[in-house]
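Asker: Sequence:
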Amino acid sequence: MRGTIRLDGVRKVYRRLGTRGRLHTLKGALLHGALRGRRLVEGFVALDGVTFAVEPGEAVAIVGPNGAGKSTLLKLISGILQPTAGTVEVAGRVTALIELGAGFHPEITGRENALINGMLLGLTRREIEARMDEIAAFADIGEFFDLPVKTYSSGMYVRLGFAVAVLADPDILLVDEVLAVGDEAFTRRCLDRIARMRRDGVTMVLVSHDLDLAAQLADRALYLDGGRLRMAGPADAVVARYRSEAAGEGQVAAAREEPVRILEEGRRWGTGAVTIRSVTVSTGGRASGLVPWGADCTVTVRYTAHEPVEDFVFGVAWHREDGTHVAGHNTEIEGARPVRLEGEGEVRCRYGRLDLAPGRYTLDVAIHAADGLAYDYWCRAASVTVTAPVGWPGIWAPPHRWESDGPEWELPPPAEP
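Those letters in the sequence shown? Residues 21 to 437, by our numbering.
Keep in mind that the hints were calculated from the coordinates and are not lab data.
Built from N, CA and C at the ideal position, the CB exists for glycine as well.
A portion of the hints provided could be inaccurate.
Simulated restraints on C-beta separations [to be verified]:
1. GLY63 with GLU362: 52 to 60 angstroms
2. ARG22 with ARG145: 19 to 27 angstroms
3. ASN86 with SER424: 32 to 40 angstroms
Please work from the sequences and hints to get the whole structure.
Answerer: Below, the structure written as structure tokens:
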């Protein structure tokens, strides 16, 4: 099936040649009359026995320290490298955002480079030419688009490389720290494009040292260390373990489902009669911490009632990253009358479109009695980054269009979510 990635027992060893003795080159041997010493073949094990699969439409983050094998793994999936042992199976068109612009020819124009690189990514000449205006608009390099690439700044290289890659309609997108470069406006456009690709079902594998972003972008995460797979699971749990071990705390419980009866770092409290098992944000039917402005959004709360409860309210509160309260709503306000809550289940709060300004938001989720007694109140239970090609001040960002009588200007077409 297109968009599928499967690795089975993958091992990658980088070979390097060495010698014992003084003469380790042919030139040395010729100058000194004999080749003394014995050649050694040494190897650095970058990956050792890595097995995992990524299903179509899934997003997986790879975390771990420098030298863990993260970039090597991406290059194996992209086909840049071949495994020393094991198998790598990839189905579908792959776009790798690993070294953007590395293949550009300096003597020809950005337009010509876009054409060549688009064809290398699997598009026909007609397809890439049909998208050339969109590539130029996304790269936003103005008249430089028709100038030789050797005149570009490093930022222009990156913008053009990203524009070509993401507009190639890949089935699989591989991202290696590409969002760590470029200015704020470029990063905003990148995040918005990636968010929309996620909604369209593009399979993604990404490497990022921005752990918050990795947890938001991904459904699952892989923790690599020393070329070995230390942990695979929900992105927030894997990121929590990596952070803990990186801080020297050793082992950490990846996820706890035990009743919350005591204050938990000021974030969570309650009687524990009902506990929240997980909080998931999704858009377009797919879990994602990135939601494009104007897109649909669903907050799913999975719970466990440890004893039958007849007095219960589910609530969600939205906050900006700086703590500004954005919105709050619950089932009691909406007129839902509680009857009985027992066992396991889930509650979904659906938003037809999320008209919030771009930025990061956190969600508080609670299950409580009508008088406010908390069974489980979880502050910052989830976070969401709302994306858009441009930024807006404030919080509310409804669709709108300027009209006038008098001024003469050319207005752009209405923005589309």
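Asker: State for each hint whether it applies.
Answerer: Each hint, compared with the structure:
For the pair GLY63 and GLU362, the beta carbons lie near 58 angstroms from each other, so the given range of 52 to 60 angstroms is met. Range check, ARG22 to ARG145: about 23 angstroms between beta-carbon atoms, so the 19 to 27 angstroms window is met. The hinted range of 32 to 40 angstroms is not satisfied by ASN86 and SER424, whose Cβ atoms lie roughly 55 angstroms apart.
Against the hints set out earlier in the document, a violation occurs for number 3 only.
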